[in-house]
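With the hints as constraints, model all of the structure from the sequences given.
Here are the chains, one letter per residue:
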Amino acid sequence: MSIKVRYFASLKEKLGRSEDNLAFVEVLTVRDLWGGANPQQSLPDNILAAVNMEYVDLDSRVNDGDEVAFFPPVTGG
Amino acid sequence: MAVFIVQGDFNPWQEIQKYQNSIDSLAGKIGAACIFIGTMRDFNLGDSVKSMTLEHYPGMGEKQLEVIVVEAHQQWSILDSLVVHRVGDIVPKDAIVLVAVWSAHRGDAFDACRYIMEALKSRAPFWKKERLVSEYERWVAENTTGYNLV
Numbered sequence: 001m002s003i004k005v006r007y008f009a010s011l012k013e014k015l016g017r018s019e020d021n022l023a024f025v026e027v028l029t030v031r032d033l034w035g036g037a038n039p040q041q042s043l044p045d046n047i048l049a050a051v052n053m054e055y056v057d058l059d060s061r062v063n064d065g066d067e068v069a070f071f072p073p074v075t076g077g
Numbered sequence: 001m002a003v004f005i006v007q008g009d010f011n012p013w014q015e016i017q018k019y020q021n022s023i024d025s026l027a028g029k030i031g032a033a034c035i036f037i038g039t040m041r042d043f044n045l046g047d048s049v050k051s052m053t054l055e056h057y058p059g060m061g062e063k064q065l066e067v068i069v070v071e072a073h074q075q076w077s078i079l080d081s082l083v084v085h086r087v088g089d090i091v092p093k094d095a096i097v098l099v100a101v102w103s104a105h106r107g108d109a110f111d112a113c114r115y116i117m118e119a120l121k122s123r124a125p126f127w128k129k130e131r132l133v134s135e136y137e138r139w140v141a142e143n144t145t146g147y148n149l150v
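Here the protein sequences come in this chain order: A and B. Counting from 1, one number per residue, gives the positions in the first sequence under my numbering. Counting from 1, one number per residue, gives the positions in the second sequence under my numbering.
Don't read these hints as lab results, they were simulated from the structure. The beta carbon of each residue, even a glycine, is placed where N, CA and C say it ideally should be. Keep in mind that a hint or two might mislead.
SDA-like mimics (lysine to any residue), calculated; alpha carbons at most 20 Å apart, straight line [unchecked claim]:
hint, chain 1, residue 1, chain 2, residue 2
1, A, Lys-14, B, Glu-137
2, A, Lys-12, A, Asp-45
3, A, Lys-12, B, Val-87
4, B, Lys-129, A, Pro-73
5, B, Lys-129, A, Ile-47
6, A, Lys-14, B, Arg-138
7, B, Lys-63, A, Glu-67
8, B, Lys-121, A, Ile-47
9, B, Lys-63, A, Met-53
10, A, Lys-12, B, Trp-139
11, B, Lys-129, B, Asn-143
12, B, Lys-121, A, Met-53
13, B, Lys-50, B, Asp-89
Here are the simulated distance ranges between beta carbons [said to hold, decoys possible]:
hint, chain 1, residue 1, chain 2, residue 2, range
14, B, Ala-2, A, Glu-19, 26 to 32 Å
15, A, Lys-4, B, Val-70, 22 to 28 Å
16, B, Gly-59, A, Asn-46, 20 to 26 Å
17, A, Gln-41, B, Ser-48, 30 to 36 Å
18, B, Ile-30, A, Gly-16, 46 to 52 Å
19, B, Lys-50, A, Asp-57, 35 to 41 Å
Printed below as a string of structure tokens:
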């Protein structure tokens with residue numbers, strides 16, 4: 001299964017990249033996906049996640065072709 | 001209802017007038033318009049701020065703003081609404097965000113406008129990076145709640 005992972009704002013700077021394109025054999029949760037993409041970095045406490053541009057829990061399942069995004073608390077407005 | 005994310009400077013007063021002209025068919029029904037305009041300050045957390053960059057998640061920004069506006073239309077009796085949010089490089093005094101709500105009675109307009117603004121602050125995927133007068137750059141860590149201020 002093929003998944004696009006995107007990072008934004010301070011998280012993007014910390015990781016040094018804005019996205020990953022990953023291939024997995026088994027079904028994953030959003031939390032698992034982070035571990036696969038960032039094996040050296042634990043999941044930040046206050047991180048937010050979205051799948052296909054909708055907010056999700058970290059234990060939500062990810063499907064083939066999904067776009068998953070991780071980002072810090074939002075500060076717009 | 002309309003949601004716009006814009007790259008360059010925008011004049012909120014002109015946007016309000018332009019949008020209100022476009023909903024002229026509602027004119028006799030409107031008894032209240034509530035407007036919130038957020039502008040950039042030249043200070044934050046005790047420091048002088050020179051400029052700011054507003055990053056967003058293209059696609060999700062629009063989608064989340066639309067979800068928030070639909071929630072407001074479901075909760076209150078409002079006739080129309082307009083949300084404009086700026087992204088990119090911003091300097092003090094520039095407008096960052098505009099929320100305008102039109103309704104028959106003031107209560108709905110006040111409450112829906114407040115709801116849209118507070119939901120936007122906590123859910124719309126935008127991030128501010130400040131550039132201080134000292135040239136130091138920092139990400140704004142989180143938005144404060146607009147409710148329960150002391």
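For each hint, the structure was consulted:
1. A:Lys-14 - B:Glu-137: Answer holds: A:Lys-14 to B:Glu-137 is near 14 Å, not above 20 Å.
2. A:Lys-12 - A:Asp-45: Holds - the C-alpha atoms of A:Asp-45 and A:Lys-12 are around 16 Å apart, at most 20 Å.
3. A:Lys-12 - B:Val-87: With Cα atoms ~17 Å apart, A:Lys-12 and B:Val-87 stay inside 20 Å; holds.
4. B:Lys-129 - A:Pro-73: holds (13 Å)
5. B:Lys-129 - A:Ile-47: This hinted pair holds, its Cα atoms lying about 17 Å apart.
6. A:Lys-14 - B:Arg-138: The given pair, whose Cα atoms are some 13 Å apart, holds under the 20 Å limit.
7. B:Lys-63 - A:Glu-67: holds (14 Å)
8. B:Lys-121 - A:Ile-47: holds (16 Å)
9. B:Lys-63 - A:Met-53: With Cα atoms ~7 Å apart, B:Lys-63 and A:Met-53 stay inside 20 Å; holds.
10. A:Lys-12 - B:Trp-139: Within the cut-off at roughly 12 Å; holds.
11. B:Lys-129 - B:Asn-143: Holds: B:Lys-129 and B:Asn-143 sit about 13 Å apart, inside 20 Å.
12. B:Lys-121 - A:Met-53: holds (17 Å)
13. B:Lys-50 - B:Asp-89: The given pair, whose Cα atoms are some 11 Å apart, holds under the 20 Å limit.
14. B:Ala-2 - A:Glu-19: 26 to 32 Å: holds (30 Å)
15. A:Lys-4 - B:Val-70: 22 to 28 Å: Cβ of A:Lys-4 to Cβ of B:Val-70: about 27 Å, so the range 22 to 28 Å holds.
16. B:Gly-59 - A:Asn-46: 20 to 26 Å: This hint holds: roughly 23 Å between Cβ atoms.
17. A:Gln-41 - B:Ser-48: 30 to 36 Å: holds (34 Å)
18. B:Ile-30 - A:Gly-16: 46 to 52 Å: Since the Cβ atoms of B:Ile-30 and A:Gly-16 sit about 51 Å apart, the hinted range of 46 to 52 Å holds.
19. B:Lys-50 - A:Asp-57: 35 to 41 Å: holds (39 Å)
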